[in-house]
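K.L.:
Protein chains in written order, with the numbering used here: chain A, 2 to 478; chain B, 2 to 478.
The hints are simulated quantities; they were obtained by calculation from the structure and are not laboratory data.
Be aware that a few hints might be false.
The list cannot tell twin chains apart, which means a pair is met if one copy fits it or any two copies do.
As the list claims (entries may be wrong) - BS3-like, lysine-lysine: derived pairs with alpha carbons at most 30 Å apart: (1) K427 to K27; (2) K148 to K70; (3) K148 to K8; (4) K198 to K179; (5) K27 to K437; (6) K148 to K265; (7) K148 to K308; (8) K280 to K148; (9) K265 to K8; (10) K360 to K335; (11) K27 to K148; (12) K374 to K416; (13) K387 to K360; (14) K109 to K427; (15) K18 to K81; (16) K437 to K418; (17) K416 to K70; (18) K316 to K374; (19) K61 to K81; (20) K291 to K27; (21) K18 to K148; (22) K427 to K118; (23) K198 to K118; (24) K118 to K437; (25) K420 to K118; (26) K437 to K374.
Protein chains: 2
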Amino acid sequence: MNTYSVKELLSSDHLHKEVTVNGWVKTFRSNRFIALNDGSTINNIQCVVNFEDFDENLLKQINTGAALKIVGTLTESQGKGQNVEIQVKEVIVHGGADPETYPIQPKKHSLEFLREKAHLRVRTNTFSAIMRMRSALSFAVHQYFQKNGFYHVHTPIITGSDAEGAGEMFRVSTLDSKNPPLTAEGTIDYSEDFFGKETNLTVSGQLEAETYAMALGKVYTFGPTFRAENSNTSRHLAEFWMIEPEVAFNDLDANMDLAEDFIKDVLTYVLENCEEDLKFLEQRLLDEEKSKPQAERSDMPLIEKLKFVVDNTFKRVSYTEAIDILRSCKPNKKKQFKYIIDEWGADLQSEHERYLVEKHFKCPVILFDYPAKIKAFYMRLNEDQKTVRAMDILFPGIGEIVGGSQREERLDVLKEKIKALDIDEKELWWYLDLRKFGTATHSGFGLGFERLVLFATGMGNIRDVIPFPRTPQNAEF
Amino acid sequence: MNTYSVKELLSSDHLHKEVTVNGWVKTFRSNRFIALNDGSTINNIQCVVNFEDFDENLLKQINTGAALKIVGTLTESQGKGQNVEIQVKEVIVHGGADPETYPIQPKKHSLEFLREKAHLRVRTNTFSAIMRMRSALSFAVHQYFQKNGFYHVHTPIITGSDAEGAGEMFRVSTLDSKNPPLTAEGTIDYSEDFFGKETNLTVSGQLEAETYAMALGKVYTFGPTFRAENSNTSRHLAEFWMIEPEVAFNDLDANMDLAEDFIKDVLTYVLENCEEDLKFLEQRLLDEEKSKPQAERSDMPLIEKLKFVVDNTFKRVSYTEAIDILRSCKPNKKKQFKYIIDEWGADLQSEHERYLVEKHFKCPVILFDYPAKIKAFYMRLNEDQKTVRAMDILFPGIGEIVGGSQREERLDVLKEKIKALDIDEKELWWYLDLRKFGTATHSGFGLGFERLVLFATGMGNIRDVIPFPRTPQNAEF
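Isolated chain A, as found in the complex:
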């Protein structure tokens, strides 16, 4: 059969052979040059048709979007822009694409328009490049952890535990929604529900991952997580994928080392394996930013930016130091921040994080030792009794990309915290068990996968780096 992918043909190991290739028409110029693509690479193979040899009705079907099988001889290309091309002997049309109705014509479409066509947008160069990069990043994540002795744990998606406290949750139920069974007290009788209790979609696999770290040592999750928050921003999704490593015997410093090494490793992987897609996306960003004022353009082209992150040490700064910097910085004094920082203990907003990363340090920053009051119950209390061993990694243009901590391993301290926050201890019986039996220092972090893809592709809206985004009022497809 000698059937090859476009990528294989372009590597030109098959010169002067008769080859078969399947793909979709990108363009058909001068009734002669078909640019064919099969998704294996961003590049097309040029297929040269001697139109006198073909039926006119066949040629009319060769429109953008049509699926073809092409048989021909692979030769050195005469023209510019490609090394090889196919001298076509046979064309079979698998399926046409009516130019009157096919939406993905070879012209510029807005990203907003393409979001409405999420089932077809991956046929554009931009989205095929993004989604190949996403796939590569996803593999790089698994490869990093596996080569470093971590075990992949599938933590549950449906959870009966609602003590995670990371955000609003989606309820999962099979009860009759109009006439749900009620208890004697008139509340919904969840004992009649599928799982015999109220259940929700997970907001984080961390607590369950901790149970596995305390047996297998080094583990990670990589699964979907959910937030039922009405956030219509370019950085939030209701359904997104999260990577959460958890390591027994690691303290916060080791946790920061792990996060930094991990991010650098996966970005190195795409620099080495996605060169062509990166070049395309870099150019796309440059083109897009041409219409923007200088101040809003990226400091560096995409590839340089990724290399900068890989080559430079992340700046580690305590929350207290960060507050000092922010308190005395110009935008704070001139009241240009929406939220003015005046006291230690303030929660940092996106504007503050961006100032630190983009203006002050001009590199990725790891903030650590946050006030206990603004962080989750499971983070380890420091000796000062007011800060916890938390850390966030802030990236230029993205803001928070990682949030992590050393976990509170002391049963008494954890119980006190749970009590103070009015969480029902019974809900967390299994989590507390980890502190009763063979407890030890451990730590981990969560990285929102889509924010990583956003950074690596140079895209501006998180809806454009996941195949079928779920946001308020939107669950099409």
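Got chain A; can you put chain B on it based on the hints?
P.N.:
Showing chain B alone in chain A's frame:
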């Protein structure tokens, strides 16, 4: 620091050095020999304590389950059962484990008992071996597809599409469950819900994966899927992980080739990378089956069984041939089957599948070309107008492990099928678009990941191969 994992120490590259290791006590014999494990391997490192040199109160804390830091010199072992051991200089107890209350004592626990302790069961040899194998299989899946030019696609978990028809669904909602908003007609007003419509948890990523295959060529999903079916069997979960490759331009034969090659590749990966865990699980199964009558025992030990699958060609049999075999087989004639096969068109039950695989062919079997009536709407109709290009792979002891098909790529045929099944065409507008614009032959399959883990570990109940199983009345943790 010279801190190493148990696995690193056992590879004995560090002989005669002072080393540090963290882990949990498996056993402590004769006040002298600590078997320490950190999850990096099923094997323990023996740590030899000269008890005269240590405080009695410290020694008392060295109980099964306690977390320790051990510093000492790695030496050749004098005793049997290990090559190296640590001559202990220092012991630090991270956290004790009261033998009166810690449930995971060094004795045999039933699998049922351990299911109630899903947060601790991974501390046993059996479950740590299973979960390391699960992690390895998961990585093998990604590696197989990535090396073969597939792109990983994250299809949505929350879906507004309810036309997949693969089973009962879980509703996802943020509406007030007690007083949901109603429309003028008195039905639930889902336009007020988070996504502005009724949404459910996905039962399959296939339809969305098809949209990506028709642009990127070769794609796969690997994500959680859900069935709200009240099936309390050893082979069903309400939440499970599914692998679904989808390939443009592949017909059913190519699809069968892919599935067979894939399964053999991932099993080869665990044979090569999980030797110690496999040996342990093989012995566990042999021990378990000792108490069973000969007829119920496995034909082969675990590792031999995996090698058998890797080394033998799967038998490909059409549904029609299978019906002929079943019609004339002994258990059918003697009415030993619960469901007697007498007519072409009958749906095959687990008992029939097991007969074909375990008694008749004695090897993995691929059944293909099923009656259209018993298969899903999207499968390609054959020339005979009564069968479809479907295939199921049946495994000994597991039954159906793969279900796949060539997809109906002809718009008119697909529309007719949708109409006949009374599915609302509007629900599938985007799926039909794939047949309007550049349609082509394509095919794919779904493989239930837990069934693969079940097969590879030799376990008997699917609840024991996923960290936190979700089944009717059970969503603890």
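K.L.:
What are the numbers of the hints the structure violates, in ascending order?
P.N.:
As far as the earlier hints go, not one is violated by this structure.
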